[in-house]
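S.K.: Chain by chain, the residues run as shown.
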Amino acid sequence: GENVEQHPSTLSVQEGDSAVIKCTYSDSASNYFPWYKQELGKRPQLIIDIRSNVGEKKDQRIAVTLNKTAKHFSLHITETQPEDSAVYFCAASRDTDKLIFGTGTRLQVFP
Amino acid sequence: GAVVSQHPSWVICKSGTSVKIECRSLDFQATTMFWYRQFPKQSLMLMATSNEGSKATYEQGVEKDKFLINHASLTLSTLTVTSAHPEDSSFYICSAREYRSYGYTFGSGTRLTVV
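Residue numbers (the numbering used here), protein chains in the order written: chain W, 633 to 743; chain V, 26 to 140.
No lab work stands behind these hints, which were simulated from the structure alone. Treat the hints with care, as some may be off.
[Claimed, not checked] A short, non-exhaustive set of chain V residues, derived as facing chain W with CB atoms under 10 Å:
#: 1; residue: S40
#: 2; residue: Q54
#: 3; residue: Q63
#: 4; residue: L69
#: 5; residue: G78
#: 6; residue: S133
#: 7; residue: T138
#: 8; residue: V140
[Claimed, not checked] Quick list of in silico lysine-lysine cross-link-like pairs, DSS-like style, CA-CA up to 27 Å:
#: 9; chain 1: V; residue 1: K66; chain 2: W; residue 2: K703
#: 10; chain 1: V; residue 1: K91; chain 2: V; residue 2: K39
#: 11; chain 1: W; residue 1: K654; chain 2: V; residue 2: K66
#: 12; chain 1: W; residue 1: K674; chain 2: W; residue 2: K690
#: 13; chain 1: V; residue 1: K45; chain 2: W; residue 2: K674
#: 14; chain 1: W; residue 1: K700; chain 2: W; residue 2: K674
#: 15; chain 1: V; residue 1: K45; chain 2: W; residue 2: K700
#: 16; chain 1: V; residue 1: K39; chain 2: W; residue 2: K669
#: 17; chain 1: V; residue 1: K91; chain 2: W; residue 2: K669
#: 18; chain 1: W; residue 1: K690; chain 2: W; residue 2: K654
#: 19; chain 1: W; residue 1: K674; chain 2: V; residue 2: K91
[Claimed, not checked] Footprint (simulated), chain V over chain W, 3 or more residues, beta carbon under 8 Å:
#: 20; segment: 690-698
#: 21; segment: 708-714
Note that the Cβ used here is the ideal one computed from N, Cα and C, for glycine as well.
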């Protein structure tokens, strides 16, 4: 079955700096890759997603890149702010099948 | 947008008792429901997938007789933790998907504490 690895597990950055989180997946048939932000005790919130027919997608300060050949995708957050501090999860699925989550990255943005 | 209502938000139960968690899709038909468990500081681990009117498909290592899933209608799915033990204490969260939709709508989660 699908396996999703995520790095780093923790990431600390200064406010205004960029943050990059990377994920690799095992199932070459996966074609949907969302990123979620989760605050303590809350549900995951979708922040951006990408399908396998595109290589990059951007939404204001957030961007995701996908390399299908290498089977990895990355989340890029620019101009980080303290409110970006949370746990971020990548995920992968095949078509509209079950969503498998990465191990998570705890991002801390220091003022 | 799509909303999934999950109840209860938290529950404390005694060891050996059963607990039922409900997820309702409020404005769409949830043809598929996914149930996850999340231990503190860990990721969301998929427990099972259920399609309306069918038996749930459980992930490897998840006891189907302990975690009973019912998805009898397009708007309601339930997870019953039977004979709960302290090690079952966790955050349980559902995620619903509408037929042919790429979106996954998450419930607000249920924090289960077994004492």
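S.K.: Evaluate each hint against the coordinates.
M.R.: Hint by hint, here is what the structure shows:
1. S40: violated (23 Å)
2. Q54: This hint is violated: V/Q54 lies away from chain W, its Cβ roughly 14 Å from the closest one there, beyond 10 Å.
3. Q63: holds (9 Å)
4. L69: Since chain W brings a Cβ to about 5 Å from V/L69, closer than 10 Å, the hint holds.
5. G78: The hint is violated - V/G78 has no Cβ within 10 Å of chain W, the shortest such distance being about 18 Å.
6. S133: This hint holds: V/S133 lies near chain W, its Cβ roughly 5 Å from the closest one there, short of 10 Å.
7. T138: Violated - the Cβ of V/T138 stays beyond 10 Å from chain W, reaching only about 13 Å at its closest.
8. V140: violated (19 Å)
9. V/K66 to W/K703: holds (26 Å)
10. V/K91 to V/K39: holds (16 Å)
11. W/K654 to V/K66: With a Cα-Cα distance of about 19 Å, the restraint between W/K654 and V/K66 holds, given a limit of 27 Å.
12. W/K674 to W/K690: Distance ~25 Å between W/K674 and W/K690 Cα, so the pair holds.
13. V/K45 to W/K674: Roughly 20 Å between the alpha carbons, so the hint for V/K45 and W/K674 holds.
14. W/K700 to W/K674: violated (31 Å)
15. V/K45 to W/K700: violated (41 Å)
16. V/K39 to W/K669: Given pair V/K39, W/K669 is violated - Cα atoms ~33 Å apart, limit 27 Å.
17. V/K91 to W/K669: violated (30 Å)
18. W/K690 to W/K654: Since the Cα atoms of W/K690 and W/K654 sit roughly 16 Å apart, the hinted pair holds (cutoff 27 Å).
19. W/K674 to V/K91: holds (25 Å)
20. 690-698: Not satisfied, violated; 0 residues make the cut.
21. 708-714: violated (count 0)
When the structure is compared with the earlier hints, violations turn up for hints 1, 2, 5, 7, 8, 14, 15, 16, 17, 20, 21 and for no others.
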